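Participant: Reconstruct the complex from the two isolated chains, following the hints.
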Amino acid sequence: MSTRRTLSVAALLVAGALVAGCEQYDGNSTTTVAVPPRETFAPVAALLESHCGTLDCHGSPARNLRIYGVNGLRANGNSVTGSPDTTEEEVDRTYESLVSVDPEHLGAVFAESGRDPERWLVIRKSRGTELHTGGTPLPAGEPGDRCLTGWIAGGTDGGVCTEDDFGPKPRAGETW
Amino acid sequence: MTRYGLLLGLLAAACSDPIRTRAMDELGGEAPGVPAGPLHRPGQPCLVCHGEDGPSESRFSFAGTIYARPSTAEPLAGARVRFIDSSGAQYAVSSNCAGTFYVGDTNFRPVWPVWMKVEFGDLTQEMVTPSFREGSCGACHQDPATPTSVGHLYVGDDRSTFPKGNCP
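Protein sequences appear in the order of chains A and B.
Residue numbers for the first sequence follow numbering that gives the first Met the number 0, beginning at 0 and rising by one.
Residue numbers for the second sequence follow numbering that gives the first Met the number 0, beginning at 0 and rising by one.
So that you can see chain B by itself, here it is in the shape it has in the complex (with noise of 0.2 Å):
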């Protein structure tokens, strides 16, 4: 019995994917107040865990969050994101009031690589480049700007004024 229990730990623990792990150890904890959810870790690359083979139930094919300004990290609500896949297939999603914004799995599979823009209002800021792969935002905006990141995403400058907030 207690061959098989090693056993099955072994296999158990063969299984488990150490590069997920770490990524997901490095996310830290939830913040205070926020439980788990949709405005729960705002900025983070939310498919470590919501991707295909990540351990939340929800999966997305993107998600992330948006900020008004460069410079600044206010978030973004109501901003529109539109997608638009190496096949010409459209979709489209809005930010909440925690700036983020998801994709179901279901709802949107895309012929990779993808474009996208997010919009508000007369403001449209459209990616340079496509996503060959990657479906966390977060992944590739972190801030700060480093030569591998490009800082968050954000729709106007600073200049810009924005609706305030209302998130619980």
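Just chain A, same shape as in the assembly (with noise of 0.2 Å):
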């Protein structure tokens, strides 16, 4: 077959391919994903606020995973960063927000218990082991990671969110 006529099939094919694939999205199919519930999330909220939510990275209302509370963007346009304290309307703003990123992995984790939570996209991303600009906020086993990783299993223990510290590290013999 000559290379011309080899490519006028192979254009053939894609244009098929493209055709089908129009013709087979259905704008009004819905899918129902079950995901971990917003009843336990708010110690979740809390620790995403500190490590995430900062008004320059996921507290920025040009973020696709927008993190709302008191020192960062504020669902409330009465509201200012800095005061008052995280409302419930943000909790639920920000677990809205979280939980539409990747759904479908998010379920299929959740359906699991929990099983290999870096299908997740969010746990790839605050694990560092997917490329993210913010690098890595909640390395894996650290009381933060399993504070998310029990959430998306169904823990109902947000302990272990509240073991985690972060803040400023000076080095041995230096204050801050």
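Read the hints as simulated data drawn from the structure, not as lab findings.
Values in this document were obtained by computation on a predicted structure and should not be read as measured data.
It is possible that some hints are incorrect.
SDA-like cross-link-like pairs, simulated, lysine to any residue; straight-line CA separation at most 20 Å [claimed, not checked]:
{"id": "1", "chain 1": "B", "residue 1": "K116", "chain 2": "A", "residue 2": "E173"}
{"id": "2", "chain 1": "A", "residue 1": "K168", "chain 2": "B", "residue 2": "Y90"}
{"id": "3", "chain 1": "B", "residue 1": "K116", "chain 2": "A", "residue 2": "S49"}
{"id": "4", "chain 1": "B", "residue 1": "K116", "chain 2": "A", "residue 2": "G140"}
{"id": "5", "chain 1": "A", "residue 1": "K168", "chain 2": "B", "residue 2": "M115"}
{"id": "6", "chain 1": "B", "residue 1": "K116", "chain 2": "B", "residue 2": "M126"}
{"id": "7", "chain 1": "B", "residue 1": "K116", "chain 2": "A", "residue 2": "N70"}
{"id": "8", "chain 1": "B", "residue 1": "K163", "chain 2": "B", "residue 2": "S93"}
{"id": "9", "chain 1": "A", "residue 1": "K168", "chain 2": "B", "residue 2": "S86"}
{"id": "10", "chain 1": "A", "residue 1": "K168", "chain 2": "B", "residue 2": "V127"}
{"id": "11", "chain 1": "B", "residue 1": "K116", "chain 2": "B", "residue 2": "A72"}
{"id": "12", "chain 1": "A", "residue 1": "K168", "chain 2": "B", "residue 2": "E125"}
Chain A side only, calculated, beta carbon under 10 Å to chain B, not exhaustive [as the list claims (entries may be wrong)]:
{"id": "13", "residue": "P36"}
{"id": "14", "residue": "T39"}
{"id": "15", "residue": "L54"}
{"id": "16", "residue": "G76"}
{"id": "17", "residue": "R123"}
{"id": "18", "residue": "G166"}
Glycine residues also receive a C-beta, built at the ideal position from the N, C-alpha and C atoms.
Facilitator: Spelled out as structure tokens, the structure:
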């Protein structure tokens, strides 16, 4: 077969695949995915606020994943960054934003009690195993990581979330 | 020749960063009587121009303006601005008579995130959250405070007294 004929056949195949792809798209179809519940989310939200929700990261309205809270993005136009304290509405908004990221994989991890959590994009980003401008905010195995992975495994005890010790750590012999 | 000129023009246009260009445009012009230099544009997000890809020759890792009090825009000279990064490395710099400070990018290359605080005499204000990527204080600390801004940086409260500034 000549090169020209080969290219023509390939172009026809690609065009056919594109047409078929368009025909099979159903804009009205929905998929229902079970995700971790809002009821156990509050300690996770507090963790995400400090590790991810600053104004220069996911506390920016320019981000797809938005973290709301007192020291970052406010959900209510009457509140300002810094005051008043994080509201239930903001925890709701953070929850909705978080579970909307890669929901199929989140649902799969949740359905299997947390098995292989790195299937969910957010865990890969937070552990730094996938390119993330914000680095590795929740290293694997640390309390913050266990807080988030525990929640997506269906855990109801947010106690590990409060073990997270996030703040400046001066070197030996130095003070801050 | 015309074709090459057109091609070069297109390449040059493609290389400009429209987001940065718009951010620079939004800064407006220089204030009358204040030449470009350490005293210019207090309170603005310095790294728009002085950042890694900015047009300025002087590059900063951090820069901003310190004010004396929360409810007035009186700059504070001589405030000590301290930084500690996530590796524990520390750096400090003082504000000039315009309240402005800047950290050269070769002097301090932080491992993000970075925590900061400002000291003046017995007064200290420490940031509640660290910065994860932003070196321009003015990017988040714009006036007035809004749902996406915390307002300007300050050290004291509205009753604090400070020495009078002496900027030219």
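Participant: Which of the stated hints cannot be reconciled with the structure, identified by number in ascending sequence?
Facilitator: Hints 4, 13, 14, 17 contradicted; others consistent.
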